[in-house]
Amino acid sequence: MEKKMKNNHASLNQIKTSTNVLFNAVFLILAVMCVFPLLFVFSISISSEESLRMNGYQIIPPQLSSAAYQFLWNERMMILRAVFMSVSVTVLGTILAVILTTSMGYVVSRRTYKLKTLYTWIVFIPMVFNGGMLASYVVVNNILNLRNTIWALILPLACSSFSVTICRTFFRTTVPDSIVESAKIDGADQFCIWSRIVLPISKPVMATIGMFAAFGYWNDWFQASLYIQDKNLQTLQSLLNNIQKNIEYIANNPYGGLSLQQYKSSMPTESVRMAIAIVIIVPIACTYPFFQKYFISGLTIGSVKE
Amino acid sequence: MGNQQSPVKGKSGKKALKIPRKRWTRDDTELFLLSVPTLVWYLLFTYLPMFGVIIAFKVYKLAPGGHGFLYNLLHSEWAGINNFKYFFTSNSFTMLLRNTILYNIAFIIISASVAVGGALMLSSMRNKRGSKVYQTMMFLPYFMSWVVVSYFVYALLTPERGYLNGIITALGGEKIMWYQEPKYWPFILVFLNTWKGMGYGMVIYLASITGIDPSLYEAAVMDGATKAQQARHITIPSIKPVFVMMLILDCGKIFNSDFGLFYQVTGGIPQSLYTTTSTFDTYIYNAIQSTAPIGQTAAANFFQAICSCATILFANWVVSKIDNENRII
Numbered sequence: 001m002e003k004k005m006k007n008n009h010a011s012l013n014q015i016k017t018s019t020n021v022l023f024n025a026v027f028l029i030l031a032v033m034c035v036f037p038l039l040f041v042f043s044i045s046i047s048s049e050e051s052l053r054m055n056g057y058q059i060i061p062p063q064l065s066s067a068a069y070q071f072l073w074n075e076r077m078m079i080l081r082a083v084f085m086s087v088s089v090t091v092l093g094t095i096l097a098v099i100l101t102t103s104m105g106y107v108v109s110r111r112t113y114k115l116k117t118l119y120t121w122i123v124f125i126p127m128v129f130n131g132g133m134l135a136s137y138v139v140v141n142n143i144l145n146l147r148n149t150i151w152a153l154i155l156p157l158a159c160s161s162f163s164v165t166i167c168r169t170f171f172r173t174t175v176p177d178s179i180v181e182s183a184k185i186d187g188a189d190q191f192c193i194w195s196r197i198v199l200p201i202s203k204p205v206m207a208t209i210g211m212f213a214a215f216g217y218w219n220d221w222f223q224a225s226l227y228i229q230d231k232n233l234q235t236l237q238s239l240l241n242n243i244q245k246n247i248e249y250i251a252n253n254p255y256g257g258l259s260l261q262q263y264k265s266s267m268p269t270e271s272v273r274m275a276i277a278i279v280i281i282v283p284i285a286c287t288y289p290f291f292q293k294y295f296i297s298g299l300t301i302g303s304v305k306e
Numbered sequence: 001m002g003n004q005q006s007p008v009k010g011k012s013g014k015k016a017l018k019i020p021r022k023r024w025t026r027d028d029t030e031l032f033l034l035s036v037p038t039l040v041w042y043l044l045f046t047y048l049p050m051f052g053v054i055i056a057f058k059v060y061k062l063a064p065g066g067h068g069f070l071y072n073l074l075h076s077e078w079a080g081i082n083n084f085k086y087f088f089t090s091n092s093f094t095m096l097l098r099n100t101i102l103y104n105i106a107f108i109i110i111s112a113s114v115a116v117g118g119a120l121m122l123s124s125m126r127n128k129r130g131s132k133v134y135q136t137m138m139f140l141p142y143f144m145s146w147v148v149v150s151y152f153v154y155a156l157l158t159p160e161r162g163y164l165n166g167i168i169t170a171l172g173g174e175k176i177m178w179y180q181e182p183k184y185w186p187f188i189l190v191f192l193n194t195w196k197g198m199g200y201g202m203v204i205y206l207a208s209i210t211g212i213d214p215s216l217y218e219a220a221v222m223d224g225a226t227k228a229q230q231a232r233h234i235t236i237p238s239i240k241p242v243f244v245m246m247l248i249l250d251c252g253k254i255f256n257s258d259f260g261l262f263y264q265v266t267g268g269i270p271q272s273l274y275t276t277t278s279t280f281d282t283y284i285y286n287a288i289q290s291t292a293p294i295g296q297t298a299a300a301n302f303f304q305a306i307c308s309c310a311t312i313l314f315a316n317w318v319v320s321k322i323d324n325e326n327r328i329i
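The listed protein sequences derive, respectively, from chains A and B. Under this note's numbering, think of the first position of the first sequence as 1, with each following residue one higher. Under this note's numbering, think of the first position of the second sequence as 1, with each following residue one higher.
Chain B on its own, in the form it takes in the complex (with noise of 0.2 Å):
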């Protein structure tokens, strides 16, 4: 997005060489009308929302005369931050919080390393058939449905007939509860993130090593380099602008989570695991569903919203300071 600001080049011949404000042309007028479509998509599903922010601030109540949701709202009375200050003081707060932020630390570091190593050796194996075959199996995840995926969860771990705890009682053990066992929750989501997330991140790395001019292995190779030093000073410095875009990115979502992989994997976050597989969009659902005060989940929503705009500016500030080549802003 480097160069968006750069005038208009004298690309239309002659008339832009000497007029610096281009006229409006029919050409403007067709291209406009051509983007009418999708600016009101644009307006109606992506702008409309960020202003619903507003709800935020206000205590929602119908007025009467069965008047729709916007007159309401309008018509409603200022709340100023009292629908914040009851989210921050509320004991779901610091839970939610803490919860949405280490799942998200531990999901990054560990799929991004996954997805590295996975592409290293992927690109490095002999025998390239294979390779392609495994790259499609591990694929599979990512094209199914958190619904479907909590099927195979469920299969493997409902208490009476699941396949885990069958072997665990051939093997003597006790049944494990394990949809009541907050503890071993944590592993779970991390290994389902890292499971269905697996072949997506391999195949970006994996592009763009592939991407790398093959001259520069060749002149390692003459030059004596084994294969762990090509990795190392070949293929990882060149993935290194995707992998910090992908960082980037992924430091914009710190504040959301996959909502399927938390609630529809969980069964719908059981009483017992409330504590320990809650995040924020789980909480902001639940409200939906329930009949708790609009506002203050608008509350919940704005601070979500705020966050993760701020963390990708952020985390593009600090990649700018480190290298500024690999800024995406």
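Pulled out of the complex, with its shape left as it was, chain A reads as follows (with noise of 0.2 Å):
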């Protein structure tokens, strides 16, 4: 009953009926504009090589084939060997995000702190002025030695001064101080206070930095492209972006007695490209829904200004 009473309420309140279809019109199209690329390289990368040879990329494909599929299990220690990485590299990298990130929002989020003006300009600065692409580059290869280390891969992107910035905002406001002060007073120092009493209090901000470091460094090619020349510490995303020269390695180390001819012939180029693309895509696809709240929730907290 009160439900149906609201709803007279509100449709006093809305757009007209040809308005509403007109916007769901238009944003039907817009979304199935953003999930059709999706659709269209997973078609191709089911559709046989000849098939892609007669007709081009068609999104319907005539002749399916699971030859890239295929292809991809057999060449399984290569493609493992970049989950692996990417895996690994993600995990690493969001747990350190977030113990360096929460840290240091605890830390600037503390009005008694002595240090507190100092340490807002050092997180500030960094959000006005950079060094830029080759200064970065330079500490990273030529100062820290991290050239082929999954550390090139971890450390520049494991803080930023956007996400303090989202913690210590949401620090100051959802963490009372009379928490922090009774902590002291029972004896507790601030890495106990930091780690048993504010962190599992804060899991949605726990939840936003770390959703963010995750699908940063799961989308991470740049940092490998730059750093990274070992085949072995490849990411899948290097993978696919090292794709033409890495087909040519694979075409020129044949397993499994084919001789060299043979093997470049059989091999699906075209679908094994798309095929790589959809593996890297479907963990993404699968999980953002469900933490897209998260991001946004990240997102409205950065807005608010203090």
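Think of the hints as simulated: they come from the structure by calculation, not from any bench. Incorrect hints may have been included.
With a straight-line Cα cutoff of 20 Å, these simulated SDA-like cross-link-like pairs (lysine to any residue) come out [as the list claims (entries may be wrong)]: (1) A:Lys231 to A:Asn74; (2) A:Lys116 to B:Lys175; (3) B:Lys132 to A:Gln14.
Quick caveat: nothing in here was measured; it's all calculated off a predicted structure.
From the two separate chains plus the hints, produce the assembled complex.
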């Protein structure tokens, strides 16, 4: 009953039916435009190489084939190694990002901290001025010597002033000073307060920071293209990015007694590329709808001024 | 960031009442220790690169004896402003400047209008469930890397098998060599940028629209305001702070470009598209990958960093003159 009343009340202030239909149509087109490429790439990945050669890329594959996925399966060592790298970078990086960001966010959020003003500037300046691509490259590559290590993929993206600010705002607004004070009276040190009291009640912001970091790491190809030449350290993204080189590399190292020529001609090049793209997108496409709300909350917390 | 300069208020009890400068306490030590890892990160990955700008004023040479980079840098000769002279007088400079700024202006205007317009439409839709589904679907491109997007684009545009050329020939047209025709690329890039950021932008504005006090709309309905009038006089003024903040942040990025968009989507910037799709970032990236003298690349880098800083401060200054409430610094 109550719901119906509410509906009646709301219907006083609604757009006209025709406008509503129009808006729905607009968004339907936009939404399909956003999802269509994914389906398109998928349908290429299951097309047979021959039909691709004959008809070009089609939305509905004229001839189905699982050759691309079979090929990936045969080359599973390479793919699995890349998956393993991507997963390790994402997991390690996300953990590190959450630790670095929340600890700094907590320290900056303490109003009584003596160095608060200094810290605010330390966090703020990089938002306005940064050394740029070349200087960062020189630091990672020449000064810290991280080239061809997993740390070159993890460390540069582990923290950002944007996420520290999100944390600070969150801690300021949702963690009551009285909790921190009473823990202090009970003899807890700040590390203990941060890890045992503040973090457990700050799961939303941790999820937000963690999600930003995780998607950032999973999608990163740029750091890899700058710092990683070692084939064994390739992530999925860099595998895809260097696919041309890689397919030639595989073709030059054939498995199972095929001659080079046979192997090259049997290789479903076009559909394999698209199949790797699918391997990258599917985990994201399956998870992001569940985490979308954390992104939104993070973005809205981040845009709250003090 | 407004009140950061204010003195410590009497939060820590009796002590703070009389003593104007708080003494260093054990608490401060603990907080300092807690922040050490992140401080180290900040020093290494944001502040150290800032000093990297001195490369721009050096003629970097390898000193004999296999020393490290820093040793070589410190022992290289000063170049004064020669590196900058070289960069400013090179053929690329005006082209890079024009491309970077014009693309960004187009991106800012179009993305902002799509995001605000879309958010207004989404918020007024009747079927809330449907609006949620649309939002989720439109958010998808935001989570894809440009490498993946470049594969979609490739599938659409590749001359021989591409989907678009398939349609064009089926309709009796000539095949278009997309990757060799510069005239299409400004549109393609603007379209892709809008496409990828659309869901994100709409959702930000939508979040601030849903935060508006509903009683404002109720009062407006009582006074006989139409939907359009409500949007104009309630919704738009309410989302102005977010809009201004996004605008300032975007202006700060006007000398930067989304590297992946320009580099990946074009397929590594082929020669034919060089003058239409190069930006400062692609120029610097190519220089890093090549054997170009590092000092000259650093000059480009330094120029970009200084301009970014200047534009964000300028945008903030302009906003503070017009409407002091909305400045972000």
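Hint check:
| no. | hint | in the structure |
| --- | --- | --- |
| 1 | A:Lys231 to A:Asn74 | 18 Å, holds |
| 2 | A:Lys116 to B:Lys175 | 63 Å, violated |
| 3 | B:Lys132 to A:Gln14 | 18 Å, holds |
The structure fails to meet hint 2 from the earlier list, while all remaining hints are met.
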